[in-house]
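Novice: Listed below, chain by chain, are the residues.
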Amino acid sequence: MNKYISCLIVFFLIIFLFVSCKSTIIDEDEFIEDIFENINMMFETDIQDYDFIYQMKNMVSGVYAFTVSDNGELYFSNWIDEGVVNEIIDVFDLNGNIIDTINLSQFAWDIALDELGISEDELENLTEPITISLDSFLPSSMTIHDNFIYFTERNQFGSTSTRVFYYNIENEELKIITTLESFTNVRNIVFSGNFLYLHGRDVELLQNTNRPHILFGDSVKSVNLITGDIETVFDESPIGIAGMDDDELMVYAYDENEGFYFLKHGTDVRIYNNLRNSINNFYFNMFGDSSIIYSFGDFLILTTLDESDIERELARDLYFLSSKPFVARSGFLFYNTHSGIRRICVREMTLGTVLNMAHTDPGGTAYYTPVPVLPALGIQTRNMSIGYYDLAFRILSGDNEIDIYYLHSQHDISDNIRRRGAFYTLNDIPGIWEYLDAVFPYVRDAALDENGDIWMLPIALDTTLFLYNERLTAEFGIDIDSINTFKDLTFVINDLRERNIPVDSGAQYEWFFDRYFYQIMRNNNGFNRNDFRTMAEFFYDYINFVKGEWSFQNSQFLNANDFAYDEYFVEIDGRRLWDWRGRYLFTPQSLSLSRFNINLALSHEIYDDEMFFEQLKSMYDGTGVYNHIPLNYIHNRYMKFPSISGMAESDITVEFIAVNPNSNNLDEVIEFLTRLIEYQMNLENSFILKDRSTYTDRHYINDVYGILNYKDNFIRFSISSDLIYDDFRAFLGDEITLDEYLNRVEFKINAYLNE
Amino acid sequence: MKKITLSALFLILATAFILPVIATIATSFYGERNFTLQNYTDLLFDAFAFYPAFWNSLLYAGVIVIVQLFVVIPCAFGFANASFKGKGILFIFYIILMMMPLQVTILPNFIGLRDLGLIDTRLAVILPAIFSPFGVVVINQYMQGMNNSIIEAARLETNSIIKIIFHTVIPQVKICIFAVAVFIFAESWNMLEQPMLFLRSTNLQNLSVFISESGSYAGNILFPASVFFFIPVLILYSFFNNYLEKGLTFGELAK
Amino acid sequence: MRFLRKLKSWNMKCIYLLIPSLAGTFIFFVIPFVRVIYYSFIDNQFRRNFVGLDNYVQTFQNEFFQLALQNSLLLIVICIPVLILLAIIISLVLSYGIKTLRKTRAAFILPMLIPTASVAEIWRLVFTGETVLPVYTLFIWKNIGICVILLTAALTAIEPEIFEAAKMDGAKGIKLHKRISVPLILPTIIFTILLSIVNSFRVFKESYLFYGTNYPPSHSYTLQFYMNNNFLKLDYQALATSSVYTMILVIILVLVCFGLQRRYSR
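Chains as they are written, first to last, in the working numbering: chain A, 3 to 757; chain B, -2 to 252; chain C, 572 to 837.
Bound-form chain A, shown alone (with noise of 0.2 Å):
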């Protein structure tokens, strides 16, 4: 028996040990380690860390795209929030600080006039009526030379063209070059010769090939910048491209059979990589001196074009970076993270204090953490995500490798973390007692503990809203006057679901729970079986998500949010045409989500059917190449999303940074949160300061200062209401009783209240 037993054992542990031999774990600190190594390698340099983190200020989603300038100056794109979306070009000199900021959406009237073929003056001797499209081109995929920024516009959905744009920085003009049919998300622009390379998808090869592969459909094109040809330069699945010193295109592709190949333009000498690999999701760019850093999905690689190099197999093999594109120019390597742009100097070495900023996300229902972003400031903060136990356990321990936290009041962390004083005191940081009086007097209240001490930074504010067209709802005799509670939304909705007019009921019916169990607690006042009971039977009776009445309908085309629509359609030829995206009548929007929105928020009115039934009709002209729905805002207003307790009060929560007590780097955390008052200081427009509007001829942006000024609007620090969700789906579902459920409900609230 025991012989079988020591050789299984050593059957089992040389196959372990075989295995074992071959995986490794790299994290990404490591990986960014082996990085260093090899440039310090191939450029002879030194370095040990990154140096930068570019961040951008009232950021709505990450980076989109960026590009390096022959003299080391970033320039990177994004929408930003300013109480109106815009889109714009940051730019970033060799030192972190912003010299500049381009609006691109003060071109938009100009370009649309530009595309009807209208000048200002043929405007105004107009005799009819026509539609103008102020667009939305965020670019894409940006390059830079010779003091013009070339770059793409990101396509709107469903449209297959892109518009190549170039924006002259001394003269501060944007004009088009051309537009590209049947190709979309170009992900790499290129400035060689007197052309631009693009590489994106290509429409009709993707539609010849039955691969639902991203390899497999993409092509590169170029446009003469002088002659305005356009020309497919390669199609057999790019992968990437990058300009050669030489003027030339330097392709890396794949062939089914060999595997992936770079390719000088123009000639037909193919240099393979012999790497491992896998097909997945990639990005990829080049940069000169002969070496390539490439990512696809996780991994990234690093080689040279060198012939000998490439058989050497110089790329370590498999690194886990969980960043995107990048680009390498001037002696510095940028790689985009979430929320920035993180620059490693590979000429020289500079370091600066880096703050730490965790912020952390509980999980839940219902609830959206957005990934911190902050302005550029000058100080570089980096984002570390932290569990829930985690971060209980670092604040208890005294941990001091965090700086500063950035939380929300939905938290039950923040709550804590205040009554039990885990922060450091703020009083003394310059300028935020004026900045508290600036804020809405709600949002002071908030940022005070009981001995008035300031123990939180307030940044920015959410609540959800309720915005409605004027002219829609009055045409189908909806009155919004009377909608005050949730349970009159929804007998307005069964009214027009009775009427056949389309509603969807939305799918978000944890976050319905979730606001109502929000706005009973009542700031953790305990638990009161009267609300809770009422709570239960109305969705019960109404929304009883589990016993599936209420249903998620037409998803694909419709914002989730949607509550009630008009839909619209028009026969052409036989055939039934459908503005997917029908007009609202009404739907609720997250301010903070509203900010991103705020573009499809203007969109859907028209002014007559005449006219609209025209625009329909030239979206399908038999390419299928869409346009967008002509603006016009003035119909849209906001409202308070109607209580869902009957609650008077809007629920509004904050977005706010504390600081550790612990903290190595309090100066520098001073510093940071004194800029960071200065700018909010000094925007111009804001959600959280009062009267901080320049737009107020938007009635909708009046419509929510409106929200936001109520007197009565408290911020609540409450507990999650993951609490109690699984009973609750257990009481919907009947394998519990209401009493059951009720009991249930007091002893978990009362634990957590009274533990």
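Since the hints were derived computationally from the structure, they do not count as laboratory data.
The structure displayed is predicted, hence computed values, not measured ones.
Glycine included, C-beta positions come from ideal geometry on N, C-alpha and C.
Be careful, since some hints might not be right.
Mimicking DSS-like on lysine-lysine, the simulated pairs with C-alpha atoms at most 30 Å apart in a straight line are [as the list claims (entries may be wrong)]: (1) K804/C to K171/B; (2) K584/C to K84/B; (3) K804/C to K0/B; (4) K(-1)/B to K738/C; (5) K82/B to K160/B; (6) K(-1)/B to K670/C.
Reference listing, derived: stretches of chain C covered by chain A, where coverage requires no fewer than 3 residues with Cβ under 8 Å from a Cβ of chain A [to be verified]: (7) 607 to 617; (8) 626 to 636; (9) 795 to 807.
Model the placement of chains B and C on the given structure of chain A, informed by the hints.
Specialist: This is chains B and C only, laid out in the frame that chain A set:
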């Protein structure tokens, strides 16, 4: 007759106990409604973190057991044979320390280790476990029943206390020591909170942590990982088992 | 004289043997222990104001602490006797029973080696959370292993001559064991009881994974949940004081057990 029914009952009991284990093994082969090795391939070929975790577990458990025995056996012997004021109180103190629930001690432990600069090193997990009072208390227990005459005899022969322990004491309590060793091994093998909180790097984590995070890997690897989890200890125990069997020949006489 | 000196040095040598263990235990157990006591006397981790016994009073009066304590004690009072009895029977059978039965040893040892995560899954398929039964069975199931190991080890230490003597007196079968084996390993039994009590305070992970929440039904709300939740609420004082209370309780039990042990050992 009675014997048979009693034996049958006992077998049923044993089956009841082993049922969850069998369920674990069975579920590990279960996927898509039939027998499949998919879970195992997911684990062995795709979840790369498994191997370092496995070796780490082995390393921690092995080192902890071996070093702890070296620390604990002399200590227990000392408790059994030395006499000094307050010995009883000291021993009770050991037991009290043993009692402290992990949730409470883990935070001060962390602070202590951090002050020593041991966080994120293997020692953070190994050192506290080595000095766990459990071993001392248990082995002391067994040493109480030792035959002192042999020790006396040995003392006359040599002055080296180590030799005495080695030659006279250990043989007597061999089985008990081995039992404790197995238990300590199992405990160290099962260690979860300490590696999670004291070790920050993934490559230092052990198998328990890996299993607790198995949800974040592709495929259903919880059960195959659990199977691999208890195999090594099972193997270790089977050695002990055979050893124990040999030492039980006397037991036959008791029938 | 020489004999005395030898005695003295023998004693000293024995004491020297204690040093490594004492040193390590001091650093890694005593100091944290003292820290915990310190934390129980301050208001919170950050302001560090001394508040005397306020925390103790608060915890004692807290209804949820009382509930948790009650549930934990209930677990001990019900499960431990069952566990020990079962362990004794199993150990006896494994040590003296027929060969086939002895081979089932592994069945009882394995439970303690299965990782909690997978066990919780399986338990959830079998049990619902209406009663405390799942937690109790889980506790017994998991802890039988160590008890069996310790008890069987103790049984092997019984000198066979005693059995010979008893047999000659005419005792056999169950009687033999009841009269001889069990009393002989009584110290170990008492120790096993103690150990199980300690382990009962560790039943947290299992319960937590089974119920999937920090707030289980009130019948399963034990001290560990109380402590864990307060930890998440950054209230370390509740942990510190409740663990001190637990310890006092356990000290009393330990002293009782020790007293019993002294009475029964020879």
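Novice: Assess, step by step, whether the Cα of K804/C is no farther than 30 Å from the Cα of K0/B, and give holds or violated.
Specialist: Given that 30 Å is the threshold and the Cα spacing comes to 57 Å, the pair is violated.
Novice: Would you mind confirming whether the straight-line C-alpha gap from K804/C to K171/B stays at or under 30 Å?
Specialist: Roughly 48 Å separates the two Cα atoms, so the pair is violated.
Novice: Quick one, are K(-1)/B and K670/C close enough, alpha carbons at most 30 Å?
Specialist: holds, 17 Å
Novice: For K584/C and K84/B, compute the direct alpha-carbon distance and say whether it is at most 30 Å.
Specialist: Judged against 30 Å, a Cα distance of about 15 Å means the pair holds.
Novice: Check the hint pairing K82/B with K160/B against an upper bound of 30 Å on the C-alpha distance.
Specialist: Distance ~27 Å between K82/B and K160/B Cα, so the pair holds.
Novice: Would you say the region 626 to 636 of chain C counts as covered by chain A, given the rule of at least 3 residues with C-beta under 8 Å?
Specialist: With 4 residues close enough to chain A, the hint holds.
Novice: Three or more residues of the region 607 to 617 of chain C near chain A by CB distance under 8 Å?
Specialist: With 3 residues close enough to chain A, the hint holds.
Novice: Is the coverage entry for the region 795 to 807 of chain C by chain A consistent with the three-residue Cβ rule at 8 Å?
Specialist: The restraint on the region 795 to 807 of chain C holds, since 9 of its residues have a Cβ under 8 Å from chain A and three suffice.
Novice: Does the structure keep K(-1)/B and K738/C at a Cα separation of 30 Å or less?
Specialist: holds, 21 Å
Comparing the model with each numbered hint stated earlier shows that hints 1 and 3 do not hold.
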